[in-house]
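Letter by letter, the chains look like this.
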Amino acid sequence: MKVLVAVKRVVDYNVKIRIKADKSGVDTANLKMSMNPFDEIAVEEAIRWKEQGKANEVIVLSIGPQSAQDTLRTALAMGADRAILVKTDDEVQPLAVAKLIKAVAKTEAPDVILLGKQAIDDDSNQTGQMLAALLGWPQGTFVSSATPDENHRITVIREIDGGLETLSLVCPCVLTTDLRLNEPRYASLPNIMKAKKKPLDVTTPADLGVDTTPRLTLLKVEEPPTRKAGMIVGSVSELVEKLKNEAKVL
Amino acid sequence: MRALVIAEHDNRHIKPATHATVTAALQLGGTVDILVAGTRCAAVADQAAKITGVGKVLLADDAVFAEFLAEPLSTLIVGLAEDYDALVAAASAAGKNIMPRVAAFLDVQQVSDVIAVVSPDTFVRPIYAGNALATVRSNDKKRVITARATAFEAATETGTAVIEAIPTVSDPGLSRFLERRVTESVRPELTSARVIVAGGRGIGSDSAFSLVSQLADILGGAVGASRAAVDAGFIPNDAQVGQTGKIVAPDLYIAVGISGAIQHLAGMKDSKVIVAINKDGDAPIFQIADYGLVADVFEAVPELIDSLNA
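Those sequence lines, one after another, are chains H and S.
Position in the first sequence (first residue = 1) + 1359 = our numbering.
Position in the second sequence (first residue = 1) + 441 = our numbering.
In short, the hints are calculated from the structure, not lab data.
Ideal Cβ placement from N, Cα and C applies to all residues, glycine included.
Careful: at least some of the hints might be erroneous.
[Unchecked claim] A few chain S residues facing chain H, derived, Cβ under 10 Å: (1) ASN452; (2) GLU512; (3) LYS537; (4) SER553; (5) GLN681; (6) GLY733.
Let the sequences and hints guide you as you build the complete structure.
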């Protein structure tokens, strides 16, 4: 089984973002960047399949600037076999990302494509579902368990509102990962060194014949409204009194 | 502008998120129809017809939609899209699963998790876990939108829309439903609860977590948790409130032993009234709480339970 994993380079989840003074966007200059946490889970899952003998090749793919190579090297250090960078300095929105991944999938012909359920920067939660549509493949989204079998099917458990749902999907298919799927490993120093020698091919949206012109125009980015400062109460009885008579929620 | 809302339901009852989605769709400024796709779901169509502002209910009643699989449902919706300028669903697990698949078939860049409609083509949506709000304009011919249910008032039920049965689609056979395990609970669902009592790492153990449940039960509320409490194994993960868990906005949110990590605050800061009980007076949760009580949760919560019982 051949597995393709798509990863995105995003502002590290521990970093507090700043909005530009002219409201034109989020200032990401000089911020710590990392692999999108959900994508890290996708890479980990693919590597575990390889270790269990269920997958024979794990390819990682990223779309972004030259610096996205660092993210791909991280995935290679975790255990992926080779990497592909679709290099662009432009903003690429989810529909265009899905088209680019589809173009790569057409040549690589993977049995499964794994992605995070959403990127923690734009929080769109679209790319996997769009990719499945464009390829005409089944989709397993928000997956917390995925078990490939010998019949070229994958049984997935999905996180839905209020519970869990189990589906059986025909391969090839697209899976998007939820938090509970696994806990990603840290790359060891020897593996980080080894990763530097693994193959990393670079291509571009033009090479792949995909138009990445944004369909959504960003008009402005603002701070969310802040809550007005509350008060510290001195006792449980004061709290109950406030909730009853001031907030009127009891 | 003609909008089609995708109803969310379980073949018996329409979910309240649908009413909020209708409100969002009406704000696009045109007519709103509603699609009920399921099996033996005529009762749901009757409920949908009562929602104020709905022009017509399209009923696709077929076994192929019984489990709401994304593949046949998206085929159905794409087939209806020609008659509509906008397709709108709730930004729930179900809506998030289906709508991007629909959008890609239509070559439309979806706008996810809309919290405000500025104009028929311009929307506000949270990015970076709600730490910023982006205003975006769609340049596509059609709109595909998911709306955050907590950001829109629920539409009322004064309508008498007509119900029209529509042709179904065949099963593409790509996926098969095996089972669904819905967490059985007498408590309300987190995303629609009026009151939520949530516990964090400060609770210390899964047995002590029953304090949180007791308080929730007295208030008729749902039980939530921070990621730290879920990771510590105090409570199953479907109770997690936060950026990567459930986004909630109840009338009253009581955070017990929760420090207030950014990722948790992102999921609950739109609650109307926030109460924080924590023994660490420097915990970030106090910066957004309306009422803070700096106290040991093992003393304060039993006392609160007693005084509410009295």
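Quick rundown of the hints versus the structure:
The restraint placing ASN452 (chain S) at the interface with chain H is violated, with a minimum CB-CB distance near 15 Å, outside the 10 Å limit. Using the Cβ-Cβ criterion of 10 Å, the hint placing GLU512 (chain S) at the interface with chain H is satisfied: the shortest such distance is roughly 6 Å. With a cut of 10 Å, the hint placing LYS537 (chain S) at the interface with chain H holds, because the nearest CB-to-CB distance is about 5 Å. Interface hint at SER553 (chain S): satisfied, since its Cβ lies 5 Å from the closest Cβ of chain H, which is below the 10 Å cut-off.
Below 10 Å, beta-carbon pairs count as interface contacts, and GLN681 (chain S) has one with chain H at about 8 Å; its hint therefore holds. A cut of 10 Å between beta carbons decides the hint on GLY733 (chain S): the least distance to chain H is about 5 Å, and the hint holds.
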